[in-house]
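Trainee: Here is what each chain is made of, one letter per residue.
There are 2 protein chains.
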Amino acid sequence: MSEPSLKDAVAPGKPGLARSPLAVDLPEFGVIAGVRLAIGRAGFYRHDRPDLVLMAFDAGSVVGGVFTRHAVGSAPVDWCKAALQASGGRVRALVCNAGCANAFTGAPGAEAARQTADAAAGALNAVETEVMVASTGVIGVVLDAERIVAQMDHLTAGLEADRWAEAAQAIMTTDTFPKGAVAECEIDGAPVRLAGICKGSGMIAPNMATMLAFLATDAALSHEIIQELLATTVGDTFNAVTVDGDRSTNDTCLLVATGKAQHGAVKEAADPRLQNFKAALRQVMLSLAQQLIRDGEGATKFVKVTVSGAASDASAAKIARTICESPLVKTAIAGEDANWGRIVMAVGRADEPVDRDKLSIGFGSLAAAADGKVATTYDETAMSAYMRGKELEISVDVGIGVGRADMWTCDLTKGYIAINGDYRS
Amino acid sequence: MSEPSLKDAVAPGKPGLARSPLAVDLPEFGVIAGVRLAIGRAGFYRHDRPDLVLMAFDAGSVVGGVFTRHAVGSAPVDWCKAALQASGGRVRALVCNAGCANAFTGAPGAEAARQTADAAAGALNAVETEVMVASTGVIGVVLDAERIVAQMDHLTAGLEADRWAEAAQAIMTTDTFPKGAVAECEIDGAPVRLAGICKGSGMIAPNMATMLAFLATDAALSHEIIQELLATTVGDTFNAVTVDGDRSTNDTCLLVATGKAQHGAVKEAADPRLQNFKAALRQVMLSLAQQLIRDGEGATKFVKVTVSGAASDASAAKIARTICESPLVKTAIAGEDANWGRIVMAVGRADEPVDRDKLSIGFGSLAAAADGKVATTYDETAMSAYMRGKELEISVDVGIGVGRADMWTCDLTKGYIAINGDYRS
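Line order of the protein sequences matches chains A and B. At position 363 of the first sequence the residue is numbered 363 (our numbering), and the sequence of numbers has no breaks. At position 411 of the second sequence the residue is numbered 411 (our numbering), and the sequence of numbers has no breaks.
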């Protein structure tokens, strides 16, 4: 089957959506030894677009995964959790489709996830539980696994090492740009590569967002180490971004290690030889997480919120999240207003310890409030100029302790309402 | 000083805001024996409007109060809490201004609140701590108490029993209609009246909302009883409505009892003779609370969310709040879409016990989902017709226990963004 247009396919997100003004370009992915990818069209959309990705991993690969804590997890999330436990972290494939989230679909949805894994296992001579599955798109509709099964021969025939960029596009829903990041580092003196793609926080009318992130490295690390590194790094990367506070049923982040890199054996996550790798992993995950914000629905501003002086890091994170998810703060940012009053409001409703009379708030290097009242150096003109920028930093010190957290968000604009509310005519 | 236009003043909210499509008319307030009101113009706004209310209570009146749990409470909230404690609940006056919230204003703000109380106390031959104060409007600006002090003679000269409707207008900020409710009931066979006014969830660009509610009754009840009745009734009335989840620094709800009604002595809140009064109090508070939602910024739909089958009433309330504050749910309602997938999402992220396979969701009398999947009787045409209504009821059963809660909210529209984000040119 010839597919002349696949490698330069246009972004397959919701037709008519303009590319985010905060978008960044995909990196040159190169390859991760032991990983091959293929793209297909299962037809989950009415318009013609790639909507299916198969990633194949050489024998000996291991995977770590973190999943939504949503109480109504999807069938693919259920599958991955169970398969990871059954396989002890061995992995041979990942199948991801866009256009149907297979969430809230009961027993038929679970069977569809199993059928998908079974088809990939058969095609790659693996066992079912060595296949991860991920779905994104419409909720409440059972995945039509037959559409995926029918594409499996085509997918396995198309597996190549350099199709990361296409895969980043094929998993998009209402994303306005594809998202990816790569890094190179060393373990024990040997070169190691990391690559990742993700999608979100798009939305398929009339349904819900899903964050999916798939990372791979050629590092030779055990499932246990990969799992630990992933779990500890997700906290201040993917879990430190928020568009609207609405958590998906399908959130999935997987990290596969193929073991092709030529470094010495590493026995534990605490091994100091992993320091460089940990930094690279964090860099890739943070870049991907920030790209989600850069594609936040209707976003026109990329905002970093730093909270310091809190009772603990967890307290700082809770305050930062409250600021980042406050509709009043987010609309003020959209309005290019350094409305520190709304930030005071958000800080106060986080229900964390705060010393009102030591509270200070800054925008970039400009002081807005200090010691519990408007800053003596407050300069409306300079502040207004700062707020017209596309990338903003808001810092808040709550005057209690040394707890600290960063979080990233975007503004709340009419574009968000249009994307999420205008689909009914 | 002549004030020919005061009694039929137009709504003094933000100029140019259209009256909410969900608005209701003020009731005929009549009078509450022992309560007199006056309206003034302190000039906290650039446009000419009443912005000051004095309520005077006959000697023997008592007050109960509940206030924002916001960690950065305003100076007037601090004042009221301290004064209530010092006076043992005796009250002779309330002074409320719009146009300046006197929040996040440090020691000068506290002094301004005290000066305001002092002026009213002097004019009414009371002591400072028998005066409640409330402010709403711009945050971070110290209240110019001199403007209020200068109006005090005019205010005391204008005190009349039948000025409730004017008072409801004078405390508005970006409210698009004035809010009030009355009820009549009996205690021990004697007639008792209740009246209340409130304002919110308006906003003064570029600043924050404040919910203020003032109720009065001629019932002859102690401070302790009034405080207990108010505190227990606020939970499923004012605390059961949410526009955007953003809590104010200034939220204040006061209930004054003047003791003019001719019923027998009541010694405790549990007295069965208070049953009728409790129902009337709840009715007035719920009406006022629902009027806040009817004036929610940009609101076009009035939405009641009922959660049942939860592990406890508190668990049900948390789930209901998560649904009511989900931007994805609120934009779907704006789009007139019965998007039960987004409700599933919100239920799941409430971090409360839920049985996914028993979850059911209804819109009015129409079933959307049952037993963890789309309802077999789901009718898209009927559902679409229902969603076009202005008043909607969403019911969710989470299949765990008998916990139950109602909450009210509105939709999230471009109007909300315009009101809160468009003020910068």
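Hints should not be assumed to be uniformly reliable.
[What the hints assert, rightly or not] To list a few chain A residues with every Cβ distance to chain B over 12 Å, as calculated: (1) 36; (2) 59; (3) 188.
[Stated by the list, open to error] Which residues of chain B face chain A? A partial, calculated answer using Cβ under 7 Å: (4) 66; (5) 106; (6) 331; (7) 335; (8) 366; (9) 370; (10) 378; (11) 417; (12) 420.
Hint data in this document are derived by calculation from the structure and do not stem from the laboratory. Quantities reported herein were computed from a predicted structural model and do not represent experimental measurements. Just so you know, even glycine gets a beta-carbon here, dropped at the ideal spot from N, CA and C.
Trainee: Quick check for students: does the CB of residue 188 (chain A) sit more than 12 Å from each CB in chain B?
Mentor: 41 Å, holds
Trainee: Can you verify the interface hint for residue 420 (chain B): is its Cβ closer than 7 Å to any Cβ in chain A?
Mentor: 4 Å, holds
Trainee: Against chain A, is residue 335 (chain B) within 7 Å by beta-carbon distance?
Mentor: 4 Å, holds
Trainee: Would the stated hint for residue 370 (chain B) survive a check requiring a Cβ distance to chain A of less than 7 Å?
Mentor: The hint is violated - residue 370 (chain B) has no Cβ within 7 Å of chain A, the shortest such distance being about 11 Å.
Trainee: Min Cβ distance, residue 106 (chain B) to chain A: is it shorter than 7 Å?
Mentor: 5 Å, holds
Trainee: With a cut-off of 7 Å on the beta carbons, see whether residue 417 (chain B) makes it to chain A.
Mentor: Nearest chain A Cβ about 5 Å off; hint holds.
Trainee: Using Cβ atoms only, decide whether residue 378 (chain B) comes closer than 7 Å to chain A, and label the hint accordingly.
Mentor: 10 Å, violated
Trainee: Do the numbers back the hint for residue 366 (chain B), that is, is its least Cβ distance to chain A under 7 Å?
Mentor: 15 Å, violated
Trainee: According to the definition I'm using, a residue is off the interface if its beta carbon is farther than 12 Å from all beta carbons of the partner; does residue 36 (chain A) meet that for chain B?
Mentor: Consistent with the label, residue 36 (chain A) stays out of reach of chain B, its closest Cβ about 34 Å off (over 12 Å).
Trainee: Less than 7 Å between beta-carbons is the criterion; does residue 66 (chain B) satisfy it with respect to chain A?
Mentor: 16 Å, violated
Trainee: Min Cβ distance, residue 331 (chain B) to chain A: is it shorter than 7 Å?
Mentor: 4 Å, holds
Trainee: Closest CB-CB distance from residue 59 (chain A) to chain B, is it above 12 Å?
Mentor: Given that every Cβ of chain B is farther than 12 Å from that of residue 59 (chain A), nearest at about 36 Å, it holds.
Hint compliance for this structure: hints 4, 8, 9 and 10 are not met, and every other hint is.
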